[in-house]
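Trainee: Next come the chains, spelled out residue by residue.
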Amino acid sequence: MLSYALRRLGSAIPTLFIIITVAFFMMRLAPGGPFDREKQLPPEIEANILKAYNLDKPIHLQYLDYMKNILRGDFGPSYKYLDFTVNDLILTGFPVSMRLGLYAITIAIVIGVTAGTIAALKQNSLFDYLVMGVAMTGIAIPNFVMAPLLALVFGVYLSILPVAGWGGGAFKYQILPVITLALPQVAYIARLTRGSMVEIMNSNFIRTARAKGLSEKIVVVRHALRGGLLPVVSYLGPATAAVITGSVVIESIFDVPGIGRYFVNGALNRDYPVVMGVVIFYAILIIVLNLIVDLVYGFFDPRVKVE
Amino acid sequence: MKIKPIIPDRLESISEDAVKGRSLWHDARRRLFQNKAAVISMVILGIIVVLAILAPYLSPWPYDDPDWGYDFPGPPNAELKHWFGTDGNGRDLFVRTLYGARISLMVGILATSVSLLIGVTYGATAGFIGGRVDNIMMRIVDILYSLPFMFFVILLMVFFGRNIFLIFIALGAVEWLTMARIVRGQTLSVKKKEFIEAAHATGVSTRKIITRHIIPNVLGPVIVYMTLTIPMVILTESFLSFLGLGVQEPLTSWGVLISEGAKQMESAPWLLIFPAIFLAITLFCFNFIGDGLRDALDPKDR
Amino acid sequence: MNSRIKTPVSRTIAVLALFCACFFMFTTVAVAGGTLRVATMGEPASLDPHKVSGTWENYVVGDMFIGLTTENQKSEPVPGVATSWKISDDGMKYTFMLRKSVWSDGTPFTAHDFVFSMRRILLPETAAEYASLLYIIKGAEAINTGKAKPETLAVKAIDDYTLEIQLTGPAPYFLALLTHYTAYPVPKHVIEKHGKLWSKPENMVVNGPYKLVEWIPNTHVKLTKNDKWWDSGSLSLDDLTFYTQEDRAAVQKRFRAGEIDVAMDFASDQIDWLRKNMPDETRIAPYMGVYYYPINSSVEPFTDVRVRQALSMAINRKAIVDKVLKTGELAAYSFVPPGVAYYDNPAEVTWKDMPFGERQKKAKALLAEAGFSPDKPLEFTLRYNTSENHKRIAVAVVSMWKAIGVKAELFNSEVKVHYADLKQGDFQVARAGWIADYNDAQNFLYLLETRTGPNNYGRYSNPEYDKLMLEAEVTSDLQKRSELMLKAESLAMRDQPVIPIYHYVSKNLVSTKVQGFVDNPQDIHRWRYVSLK
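Chains as they are written, first to last, in my numbering: chain A, 249 to 555; chain B, 107 to 408; chain C, 34 to 566.
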């Protein structure tokens, strides 16, 4: 299993190389540069700045320089946050996003799986409809509506939670961002769980288990859940990657210092090093998470053998 | 970052046993029409589509010109026939919501079609040829999966300027990855089935095997996945609108309307409520139809 | 007291009320200290004053460093590090007498610090975005473009406390310019020791009232009182916290929840709600800037002055200001906003007072003369950068143009693409804005000079205009200088290379607890004058 994991990671290197190259050139070819703005810089000043960032060199030399720096683990300076390097930004931002993301996904798994399972067991009951109704609403309300709504209700009207801010990571500042982040995930996971549990509970091996006289609880927990959670497990890979890399919407509305903002704002600001840094970071994260999902999948589904 | 679409694994199992030739489709249709939620959803969706098409005839107000005589934005006013009120530019929200429906539904359906076209071709080719070609093709999909999706879309937007067709293509070009995986998995599993081998043995031509056996078997999960993709694309479009990368004015979409409305949810709630209701209803409908289709195409649930 | 108070009883009450008011004022002023929380509406790019370029950074660095001159509450120039100065008769040589002061680490502050700082910002390696503001100093441009050594800069320390600056021309705005952050001193001894890392909280040394304690990107910047500042006894606030969130709707909610005391902007679409619910906290004041549509006069059919005039005339600015914006912006009929120093009445378009209906007729006639008709309408694209306000104005303007038979298509792009294209001259009509760097008409009017280059988006080129502006540059007589610029502006208003739409207002939310926040045309507020009740 270890050698399998290593082999997978090894084969990720060419993947990364391609991603870096494509992203680098796509970014550079995009119209508009990092120093275009409402108050245009006089040409001589722009020349000074381009020189200071080595942006006056031919693009292939810039690419070679960039690759060399990456190998040394240096993602370069940010063009927008002049006093910080990309490494600084990712290293301060990612722990924040990861923390929120992990809370959110944990909550989503606990609530989503529980609600989904109960809904499946009591198929077509009031509870079932309620869970599915709420789940669908959770999916149908975009987070840029949910976030300000929660801030308005809990922060302004009820004044029991801060509207926004980070407060050094105090618990009360994390509640609303985590809820907003978790909500659609709860909904997706509940739906997924319900769907596959319904299918499993009607399957032959559950009938066999029941016929053996096992208690319903054991049937559900020992037998059904293991298979019923498979789709959830394979969903968790990309979902975890998505929530722990932060959300630009939630971070800008709740003013959370995560890395989600850097990516979108970096792209809009043409802050090349920031975008590249985040892209590479994200790609590595996805590769690792996919590997973990595959390994976990092997545990849940004995049919899948990890070579 | 946008959540990657779910690849419900159960989809792959859906039609495993459902290979009963044409009667399958006949059965499926019958089952679908027995599903009340799905039927009601189809009716509602139909009504929304009709409203969107007839939009210019349903209100005396144009979608692009301000009503200078009324408030900017103004609350709903039946007397002036501003049934949903006016937006920050004094334009009638009822008409704009319906025009938004045109764009949102079009984006949803066309982007999904793009993903369908690429995904099915790509996935079926990989699955059917198999072996090394399959390996390479799927590795490419893996690489594209690791590329942050938003990055891709934003870059496409800035590259080619912003136009609505680009949004279709950009979203479709992202969604096809999942579609390709599903189709490939399905093709692979169908290919190995005894009845295909039997068909081979009895000398049925490859072409006939593909059209007669493989495609119908792959189609089920694809259709179900489509009904899941359409709402996903509509939501993604709204996220792009929130970032200011939506359609060009004076055109609009539900995403644009909702993201504008969300900023004024307290001072001018009608700007949010009406488009949000339309969006939510549409997403609900697609979901019910998707569930209905899944149940209809999955004989296990009979 | 007004004349309505007649009876002795009411007079007594009035006196009592006055007494109470005095008493409360006394008690409130007495409560010094506290932390002011300000939403700056943007993450600082840097806290090195030579590298900053935005208003949101100015709110922070402006209380960390003090230049030769500084701003008072109304943002007028007053003595800063320099206590007095002498100006030569030709207006081109300034001699400053500096106060004896120290940096926040106790190092004595001398005139050599200014020499070092001004050379530093002009060095090409510093890559300072705003260095060109100092080009008025002799030798500055040559240094900044790498043609001369920094030692050639005409900024000289006569002794430790006397500084001499030679200019290239008489610049009546020079003392105001010196309040700008490009002219702030930076500590030589710290920069030489720490290099680029000098602006980190653990290294940074300042000469102003507040010093840096903490900066967490995308969270906050915290400053605390600098006890070594020469006038630290006058400071009321102990600490300043700057929140950098940009989402206006969210900041407004934080303000309402009492998490923020001052928000340096709010979304215009909130104005009705704010006027109704928070009238005392909503502050709107004229702001020195112009919102305009440059027309690309280098491409057909916009080379025709009649087309440009027609497009400008057909815009009902009053409707835009009153119905769309609603935040008290001034309809613009001139390029320079009213109220600029030494420039009392800007030159306006001649048709300003013509009734709108007539203007529309006139505009149609001009278009017809230029060869456009309903069968062959004028068609073009109006570009704007993505923003709610720009969109609302563009939609309104397009509908007004439609009324005179012009078909304009809207096209918005993100800010980087928008300005890259404007710089290249790749547009027909577009949205732009200009906020003055210093209080002088020249800072607006130079935008329309041929030599200005990329900032003259519409590529307006009128030799007569250029000549007048050049003449104004070397004129030291203020009255004459202003007349020359006025003449130039009236040429521009006739030619309409730009369509001025409105003059900006500053929009702030200021808690009623905050005292000493004075609205001013530059929207610059120094927190050292502010206290909390």
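Keep in mind the hints are simulated off the structure, nothing from the lab.
All of these numbers come straight from a predicted model, not from anything done at the bench.
Where is the CB? At the ideal position from N, CA and C, for every residue including glycine.
Possibly wrong hints are sitting among the right ones.
With the C-beta cut set under 10 Å, the calculated list includes, among others, these residues of chain B facing chain C [stated by the list, open to error]: (1) A143; (2) D171; (3) D177; (4) N195; (5) L349; (6) M371.
Trainee: Look at each hint and say if it fits the structure.
Mentor: Here's how the hints hold up against the structure:
| no. | hint | in the structure |
| --- | --- | --- |
| 1 | A143 | violated, 36 Å |
| 2 | D171 | holds, 5 Å |
| 3 | D177 | holds, 8 Å |
| 4 | N195 | holds, 5 Å |
| 5 | L349 | holds, 9 Å |
| 6 | M371 | holds, 9 Å |
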